[in-house]
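Heads up, the final residue of the sequence shown is numbered 116 in the numbering used here, and it's a clean run with no missing numbers.
A hint or two may mislead.
Computed cross-link-like contacts, DMTMM-like style, restricted to lysine to aspartate or glutamate with a CA-CA straight-line distance of at most 20 angstroms [said to hold, decoys possible]:
#, residue 1, residue 2
1, K36, E74
2, K36, E56
3, K36, D76
4, K36, E97
5, K36, D83
6, K36, D67
FRET-style restraints, in silico, Cβ to Cβ [what the hints assert, rightly or not]:
#, residue 1, residue 2, range
7, A45, A109, 16 to 22 angstroms
8, L92, I69, 25 to 31 angstroms
9, A41, T82, 17 to 23 angstroms
10, S112, P64, 15 to 21 angstroms
11, W113, E74, 16 to 22 angstroms
12, V59, A80, 14 to 20 angstroms
Hints listed in this document are in silico derivations from the structure and should not be mistaken for laboratory results. From a predicted model like this one, the values you see are computed outputs, not experimental measurements. Just so it is clear, CB atoms sit at the ideal spot from N, CA and C, and this is done for glycine as well.
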Amino acid sequence: MTSRLPLLLLVSLALGAVPGCRAPTAAPAFDSAVWKAQRGADPQANRRGTMVAALEQAVRTGMPRSDVIALLGEPDSRDADTDTYELGVSPLGIDAEVYTVTYHAGRVASLSWQRR
Numbered sequence: 001m002t003s004r005l006p007l008l009l010l011v012s013l014a015l016g017a018v019p020g021c022r023a024p025t026a027a028p029a030f031d032s033a034v035w036k037a038q039r040g041a042d043p044q045a046n047r048r049g050t051m052v053a054a055l056e057q058a059v060r061t062g063m064p065r066s067d068v069i070a071l072l073g074e075p076d077s078r079d080a081d082t083d084t085y086e087l088g089v090s091p092l093g094i095d096a097e098v099y100t101v102t103y104h105a106g107r108v109a110s111l112s113w114q115r116r
């Protein structure tokens with residue numbers, strides 16, 4: 001077994017250099033200012049889509065709409081019970097993506113990501 005130890009060590013070090021073989025890392029903290037700065041950005045340049053994992057930790061079911069607006073800024077579109085935020089074009093596709101916050105009685109009822 002000891003003769004295989006250097007080989008096992010070499011293989012484990014090599015796998016660490018392969019991006020798909022790394023241990024998952026925690027999503028970075030959500031940055032409200034960066035998110036807000038993307039409002040109205042060209043769909044090809046909008047980088048909100050890269051922030052969705054962190055966003056899901058920041059916006060929670062039951063949050064008041066006023067808290068969501070304070071965190072995310074004014075939505076790109078809205079109606080009585082829904083705020084929609086443009087995420088830009090997916091890096092892997094040609095379709096624009098949006099993040100939708102749906103409210104019931106003024107509180108977050110559901111969150112969804114979708115392609116248009």
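Hint check:
1. For the hint pairing K36 with E74, the CA-to-CA distance comes to about 8 angstroms; that is within 20 angstroms, so the pair holds.
2. About 16 angstroms separates the Cα atoms of K36 and E56, which keeps this hinted pair within 20 angstroms; it holds.
3. The suggested pairing of K36 with D76 holds, with an alpha-carbon distance near 11 angstroms, which does not exceed 20 angstroms.
4. As the CA atoms of K36 and E97 are separated by approximately 16 angstroms, the hinted pair is consistent with the 20 angstroms bound.
5. In summary, the hint linking K36 to D83 is supported, as the alpha carbons are separated by about 14 angstroms, within the 20 angstroms threshold.
6. Distance hint between K36 and D67 is fulfilled; the C-alpha atoms sit about 14 angstroms from each other, no more than 20 angstroms.
7. A hinted range of 16 to 22 angstroms for the beta carbons of A45 and A109 is inconsistent with their spacing of about 31 angstroms.
8. At roughly 30 angstroms, the beta-carbon separation of L92 and I69 lies within the given 25 to 31 angstroms, and the hint holds.
9. A41 and T82 have their C-beta atoms about 21 angstroms apart, which keeps the hinted 17 to 23 angstroms range intact.
10. One distance hint, 15 to 21 angstroms for the beta-carbon pair S112 and P64, holds here, with the actual separation near 19 angstroms.
11. Roughly 19 angstroms separates the CB atoms of W113 and E74, a value that falls within the hinted 16 to 22 angstroms.
12. At about 19 angstroms, the CB distance of V59 to A80 agrees with the hint of 14 to 20 angstroms.
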